[in-house]
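Work out the full structure: start from the sequences and follow the hints.
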Amino acid sequence: MSGAEDQYLVALAAGSQDTAAFGELVRRHQSQVRNFLRKLCGDFTAADDLAQDCFLHAWNKLQTYSGTGSFIGWLLKVAYTTFLQSKRKSKRYKEILESAGHTADAEGKSYTLGSEDVSDLEKLLAVLGEEERAVMIMSYALGLSHREIGEATGLPVGTVKSVIHRGKEKIRTSFDIKDYKHG
Amino acid sequence: MTSKIINMADKLRDTEDQLLEAIFQSESIADDGFSKRVLTRIRRGIWVRRLALPIAMIIGGSIAVKPLSQLVTAGTQLMMAVPQDLLDIPASWIPQAQMLILGAVLFAIGMFSVRMIED
Numbered sequence: 001m002s003g004a005e006d007q008y009l010v011a012l013a014a015g016s017q018d019t020a021a022f023g024e025l026v027r028r029h030q031s032q033v034r035n036f037l038r039k040l041c042g043d044f045t046a047a048d049d050l051a052q053d054c055f056l057h058a059w060n061k062l063q064t065y066s067g068t069g070s071f072i073g074w075l076l077k078v079a080y081t082t083f084l085q086s087k088r089k090s091k092r093y094k095e096i097l098e099s100a101g102h103t104a105d106a107e108g109k110s111y112t113l114g115s116e117d118v119s120d121l122e123k124l125l126a127v128l129g130e131e132e133r134a135v136m137i138m139s140y141a142l143g144l145s146h147r148e149i150g151e152a153t154g155l156p157v158g159t160v161k162s163v164i165h166r167g168k169e170k171i172r173t174s175f176d177i178k179d180y181k182h183g
Numbered sequence: 001m002t003s004k005i006i007n008m009a010d011k012l013r014d015t016e017d018q019l020l021e022a023i024f025q026s027e028s029i030a031d032d033g034f035s036k037r038v039l040t041r042i043r044r045g046i047w048v049r050r051l052a053l054p055i056a057m058i059i060g061g062s063i064a065v066k067p068l069s070q071l072v073t074a075g076t077q078l079m080m081a082v083p084q085d086l087l088d089i090p091a092s093w094i095p096q097a098q099m100l101i102l103g104a105v106l107f108a109i110g111m112f113s114v115r116m117i118e119d
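Chain order of the listed sequences is F and A. With my numbering as the guide, the letters of the first sequence map in order to residues 1 to 183. With my numbering as the guide, the letters of the second sequence map in order to residues 1 to 119.
Keep in mind the hints are simulated off the structure, nothing from the lab. Check the hints yourself; a few may be wrong.
To be verified - For the chain A half of the interface with chain F, some residues (derived, Cβ under 10 Å), not all of them:
| no. | residue |
| --- | --- |
| 1 | Ser-26 |
| 2 | Ile-29 |
| 3 | Phe-34 |
| 4 | Val-72 |
| 5 | Arg-115 |
Note that the Cβ used here is the ideal one computed from N, Cα and C, for glycine as well.
See the structure below:
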């Protein structure tokens with residue numbers, strides 16, 4: 001997946017409203033965006049709906065992509081903003097969480113842990129705040145650099161590093177990840 | 001000794017990062033028609049935007065045509081009622097004035113429609 005090809009496709013899509021070029025961009029990046037939102041939401045269906053909204057917003061705002069950073073960084077910024085907006089808009093959000101048996105705290109933790117059959121990742125994500133979760137997913141699941149995470153979240157690189165450090169600290173105090181076995 | 005400690009710390013950090021990467025890792029999600037659904041929504045949006053303005057103009061025009069014609073008639077009668085020497089304009093100007101009023105009203109309707117669509 002080359003950045004230059006992305007830039008070319010963005011230029012085509014933004015310049016001449018080429019939906020085919022944008023379709024190629026969607027195909028290239030849908031996995032990362034959906035993965036990010038699925039981990040962030042914990043609900044696959046809601047995450048995929050948000051991913052669709054994210055790509056629609058990206059299409060409408062394609063002119064605002066300056067081309068200086070990576071396209072995936074910009075796309076994840078749109079995805080994160082879409083997630084936050086939908087969360088703010090959804091008045092039922094809290095009710096759903098409560099009915100799922102989750103104890104949300106003031107820091108914005110919102111990961112559902114209603115079922116006993118939860119993965120290690122879900123357990124880890126549940127102890128993190130919303131911002132930490134987004135940053136940790138971008139770093140460890142998507143392999144983004146600190147600079148790219150900064151672009152996506154609007155945080156300075158130094159803050160990204162400290163958020164990751166804080167997240168790891170929380171995970172460390174809650175779990176003994178040394179016991180984790182691959183696969 | 002110090003460098004050994006630093007190396008050890010780095011190694012530990014790396015191991016922890018690798019473990020976290022292993023926990024966070026997930027398989028690539030298959031497209032399964034996702035991009036097609038996105039493109040369908042985008043194309044639908046483009047068509048809606050393309051059709052919205054002409055449709056709004058037609059609807060707005062059809063609603064406005066009756067009061068507009070009444071307005072033009074009233075305006076013409078008013079022009080006729082005013083003594084000619086008071087106006088001191090050639091009679092040939094009156095149809096042009098009607099056209100100007102009509103143009104201004106249509107322009108206002110058009111601008112209003114565009115603003116409504118943008119909102």
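Now for the hints, and whether the structure bears them out:
Given hint, Ser-26 of chain A at the interface with chain F, holds; its Cβ is 6 Å from that chain's nearest Cβ, closer than 10 Å. A least Cβ separation of about 4 Å between Ile-29 of chain A and chain F falls short of the 10 Å threshold, and the interface hint therefore holds. Residue-level restraint check for Phe-34 of chain A holds (minimum Cβ-Cβ distance to chain F is 5 Å; threshold 10 Å). Given the 10 Å rule on beta carbons, the hint for Val-72 of chain A is violated: about 40 Å separates it from the nearest Cβ of chain F.
Taking 10 Å as the C-beta cut-off, the interface hint given for Arg-115 of chain A is violated, the closest approach to chain F being about 18 Å.
Hints 4, 5 from the list above are not met by this structure, while the remaining hints are.
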